Amino acid sequence: MKPFLAPLIFCLLFPVCWAQKAPQHHFYFKSIKLSEALTAIEKQFDIKYSYVDSIVAVKTISLLPKAYTLNEINTEIENLTDLRITQIDARYYSVSRAMEAPVREEQLHEILVEGFLSKGINKSDQKVILLPQKIEALPGVTDADVLLSLQQLPGVKSPNETATGLYIRGGSSDQNLILWDGIRMYHPGHLFGMISGFNPNVTQTVNYQNKATHPKFGERLSSVIDIQSTDKIEDQTKVDAGINALNADVYLKAPIVKKKLGLQLSGRKSYTEWLQTATFNALAEKVFQNTNFKDFDDSNKFQFEDYSAKLNYQPNENTDLAFTAIGIDNNLNFTTQNETDGIQNQKMMIENQGYSGHWNQKYAAKWRQKTNVYYSAYTFDYKKNKTKTATTFEQFQKLNRVTDSGFETGFEFQANDKLNIAFGYQLSGNDVSHSFTTESQDLSIILDQKHFYSKTHVGYAFLKYKWESWHFQAGARYNDFSSLQSHSFEPRLFIQKNITDALVLQASFERKSQIMSQVRESVANDLSLENYLWVASDKESYPIQKANQYTAGLIYKMKSWVFDFDAYYKTTRGITSLTFGFLNQFDPDIHQGNGFIKGLDVLIQKNAPTWRTWMTYTFQDSKNRFEDLNDHQYFAVNADIRHALNISFYKKWNHFSLSTGWFWHTGKPYSLLDETNQVASFNTERLPCYHRLDISGIYHFHEQKSWSGKVGFSIYNAYNQRSLISKEYERQYATIGNVIRATYKVQDYYSLGMMPNVFVRVAF
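So for the sequence shown, this note's numbering puts the first residue at 49; every next one is plus one.
Derived from the structure by calculation, the hints contain no laboratory data. The structure presented is a predicted model; accordingly, all values stated were derived computationally and were not measured. One or more of the hints may lead you astray.
[As the list claims (entries may be wrong)] With beta-carbon atoms standing in for the labels, derived distance ranges: (1) Trp712 / Thr486: 40 to 48 Å; (2) Ala656 / Tyr501: 50 to 58 Å; (3) Val106 / Thr384: 52 to 60 Å; (4) Thr486 / Asn386: 17 to 25 Å; (5) Thr384 / Asp479: 33 to 41 Å; (6) Tyr513 / Leu359: 33 to 41 Å; (7) Thr384 / Tyr598: 46 to 54 Å; (8) Tyr513 / Ile652: 28 to 36 Å; (9) Leu359 / Gly507: 24 to 32 Å; (10) Leu111 / Leu475: 52 to 60 Å; (11) Trp712 / Thr439: 54 to 62 Å; (12) Thr724 / Thr384: 30 to 38 Å; (13) Asn408 / Asn386: 53 to 61 Å.
[What the hints assert, rightly or not] Straight-line distance between alpha carbons at most 30 Å, and here's what the computed DSSO-like set of lysine-lysine pairs gives: (14) Lys167 / Lys545; (15) Lys81 / Lys280; (16) Lys514 / Lys167; (17) Lys758 / Lys699; (18) Lys395 / Lys431; (19) Lys395 / Lys434; (20) Lys307 / Lys107; (21) Lys317 / Lys182; (22) Lys545 / Lys466; (23) Lys700 / Lys605; (24) Lys307 / Lys286; (25) Lys175 / Lys605; (26) Lys286 / Lys418; (27) Lys280 / Lys107; (28) Lys342 / Lys432; (29) Lys306 / Lys418; (30) Lys78 / Lys167; (31) Lys317 / Lys286; (32) Lys280 / Lys264; (33) Lys414 / Lys308; (34) Lys78 / Lys605; (35) Lys594 / Lys498; (36) Lys96 / Lys410; (37) Lys671 / Lys175; (38) Lys775 / Lys342; (39) Lys410 / Lys307; (40) Lys654 / Lys81.
Using N, Cα and C, we set each Cβ at its ideal position, and we do this for glycine too.
Generate coordinates for the entire structure from the input sequences, incorporating the hints supplied.
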């Protein structure tokens with residue numbers, strides 16, 4: 049038997065040894081950038097490297113031509129550089145300096161498309177991840193403005209041409225949940241929403257979701273824009289400062305206790321109150337059209353500022369503690385004088401401040417807990433004073449205040465690399481009030497005054513499971529609106545099927561509810577710039593809004609091409625004639641109704657080593673119907689943009705990059721009046737088509753050991769196309785006859801003209 053034993057053992061063990069042999073791939077690198085080498089390795093071995101750009105960008109590598117295993121090539125990289133490669137899990141590896149802790153910030157993201165429109169924008173499952181500090185030049189965008197960058201994506205539109213007025217898949221701007229380190233933001237912009245209120249130069253990650261939202265997120269019907277500042281504690285003090293044609297800013301990261309305690313501070317301040325540049329004048333012409341706000345100077349001025357602070361504490365490798373603060377302030381002070389009205393002064397103050405505390409704890413290799421407490425306060429204060437004589441005056445004041453505070457904690461269990469389970473509890477409270485008062489030397493009148501309070505308990509559960517080429521995400525959120533004696537159950541489902549390495553199919557369903565919304569006030573139209581106010585549901589005038597959304601799409605990646613198609617259908621109910629894109633200025637009653645939105649988002653992108661081009665197209669049909677209006681028939685919402693097209697191109701030459709983009713969309717609908725000042729047709733007419741050309745360029749100075757820098761420019765609407773973007777009817781009260789019988793004046797609003805901007809940034 050012995051002669052047969054050796055061959056038998058060999059036959060049994062050989063397949064086992066062969067099965068355990070590590071896969072090899074052939075590589076040959078000759079003085080190429082390490083980042084390019086890592087990308088090639090990722091593709092061959094189906095892995096992902098996480099790293100900080102600054103430590104990889106300066107490295108080059110050369111490898112002899114031969115077949116390498118993954119371990120062999122990782123070892124070669126470590127030997128040729130001063131870097132260390134650490135395995136995070138079966139697929140993710142971290143690249144760090146030899147003496148630093150591994151980078152673990154992105155290992156949970158399953159990236160489907162890298163460089164989605166631009167470097168620094170990635171698509172992961174049902175979300176898009178933006179890293180503003182890595183984003184290359186985008187057409188017309190200065191300093192990677194967070195909310196303006198989002199508008200480059202299909203399905204994200206701003207009908208009024210502002211940064212903050214995002215209508216995402218037909219939902220109004222107040223239906224977007226915007227978070228900064230867990231803090232709810234109610235006014236995320238400057239200059240009446242023309243630029244973002246978030247400093248894009250702060251190291252941060254923006255997670256944007258418009259479908260199959262994780263059940264820990266609720267509160268809004270449309271989308272989630274979750275902005276998270278970095279938790280990294282720097283080894284040495286770093287300063288990043290810059291200036292553009294509107295503001296200057298500085299960002300500081302400093303260690304207090306090495307690898308334990310770190311501080312981040314940022315501040316951004318306008319200088320428009322001292323110097324009115326061509327950029328500011330272009331914005332002012334658009335923002336203040338049809339008003340008497342002209343000729344800004346040292347006395348009549350607008351100014352804004354924002355600031356943030358974060359303290360990170362990591363007592364050990366399993367515990368992270370952080371405290372965050374943010375503030376966004378806008379102030380307007382303008383005085384005019386004429387013989388008819390005498391001296392007229394208008395002041396506006398808009399503030400959004402917030403604070404949050406985070407505790408992240410890893411109990412074991414598979415168990416984690418995340419706890420957050422937050423507080424947010426929004427204040428809007430507008431005053432208009434007229435002094436005709438020494439003894440006669442008129443004063444109007446509008447106030448709107450929101451306080452939002454809460455607590456949330458969640459647990460996550462990573463059973464294995466295929467199964468992840470999460471669940472948690474949230475408690476939140478909202479205190480919302482507004483008032484309109486008018487006063488003269490003879491009397492004082494309260495025109496409108498309301499106070500809302502709500503408290504909500506939430507429980508949620510979430511499951512993520514991978515099985516072969518299938519990827520499932522399922523969850524549910526239960527809201528108990530205790531103050532309203534109501535509740536809602538919100539299931540969420542996401543399914544992804546990898547047909548091949550190149551073709552991915554996706555489908556999703558989600559249900560959401562919303563009790564906080566913005567309505568358009570019609571008590572006084574003296575200032576049309578900020579005529580929206582926040583209110584909370586009361587189950588009568590303002591019911592709880594609810595929506596269901598269904599989506600289906602595919603992603604096809606073929607060498608240097610990317611094709612992304614996503615169709616959706618959304619139904620909404622609980623909307624009113626004041627809260628969802630339609631204001632019936634000719635009817636004082638608040639009408640309740642429902643609506644639907646159906647659409648298609650398309651992206652086609654071609655990538656090359658030094659250039660990139662992409663096209664996005666969006667089709668959208670958004671309609672509502674209300675009780676006792678239009679014979680209860682559907683009609684288009686005010687912000688409905690049926691077709692939108694964007695064609696962009698990006699090119700890089702060594703340290704210089706240039707990006708251009710042409711944007712076109714159909715006009716918004718508007719209503720017609722008959723000879724009796726009644727609505728003859730509800731939103732049956734359309735404004736002319738809108739189009740513009742944007743250009744941006746950036747030059748990066750050669751990075752030095754002690755400093756780095758860049759300069760750039762942008763030209764928004766390069767051929768100065770002034771499109772009609774809105775048509776509104778303003779109620780007249782000039783005479784007694786106007787009060788008795790409604791009389792209206794048509795106000796046309798035009799788009800922003802050509803707006804140049806420049807910036808300079810230095811980091812050291």
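For each hint, the structure was consulted:
no., hint, in the structure
1, Trp712 / Thr486: 40 to 48 Å, "holds (44 Å)"
2, Ala656 / Tyr501: 50 to 58 Å, "holds (57 Å)"
3, Val106 / Thr384: 52 to 60 Å, "holds (57 Å)"
4, Thr486 / Asn386: 17 to 25 Å, "holds (21 Å)"
5, Thr384 / Asp479: 33 to 41 Å, "holds (36 Å)"
6, Tyr513 / Leu359: 33 to 41 Å, "holds (37 Å)"
7, Thr384 / Tyr598: 46 to 54 Å, "holds (52 Å)"
8, Tyr513 / Ile652: 28 to 36 Å, "holds (32 Å)"
9, Leu359 / Gly507: 24 to 32 Å, "holds (31 Å)"
10, Leu111 / Leu475: 52 to 60 Å, "holds (55 Å)"
11, Trp712 / Thr439: 54 to 62 Å, "holds (57 Å)"
12, Thr724 / Thr384: 30 to 38 Å, "holds (35 Å)"
13, Asn408 / Asn386: 53 to 61 Å, "holds (60 Å)"
14, Lys167 / Lys545, "holds (26 Å)"
15, Lys81 / Lys280, "holds (25 Å)"
16, Lys514 / Lys167, "holds (28 Å)"
17, Lys758 / Lys699, "holds (17 Å)"
18, Lys395 / Lys431, "holds (5 Å)"
19, Lys395 / Lys434, "holds (12 Å)"
20, Lys307 / Lys107, "holds (25 Å)"
21, Lys317 / Lys182, "holds (23 Å)"
22, Lys545 / Lys466, "holds (15 Å)"
23, Lys700 / Lys605, "holds (23 Å)"
24, Lys307 / Lys286, "holds (15 Å)"
25, Lys175 / Lys605, "holds (17 Å)"
26, Lys286 / Lys418, "holds (28 Å)"
27, Lys280 / Lys107, "holds (22 Å)"
28, Lys342 / Lys432, "holds (16 Å)"
29, Lys306 / Lys418, "holds (24 Å)"
30, Lys78 / Lys167, "holds (24 Å)"
31, Lys317 / Lys286, "holds (20 Å)"
32, Lys280 / Lys264, "holds (24 Å)"
33, Lys414 / Lys308, "holds (24 Å)"
34, Lys78 / Lys605, "holds (28 Å)"
35, Lys594 / Lys498, "holds (23 Å)"
36, Lys96 / Lys410, "holds (23 Å)"
37, Lys671 / Lys175, "holds (26 Å)"
38, Lys775 / Lys342, "holds (21 Å)"
39, Lys410 / Lys307, "holds (18 Å)"
40, Lys654 / Lys81, "holds (22 Å)"
The earlier numbered hints are all upheld by this structure, with none contradicted.
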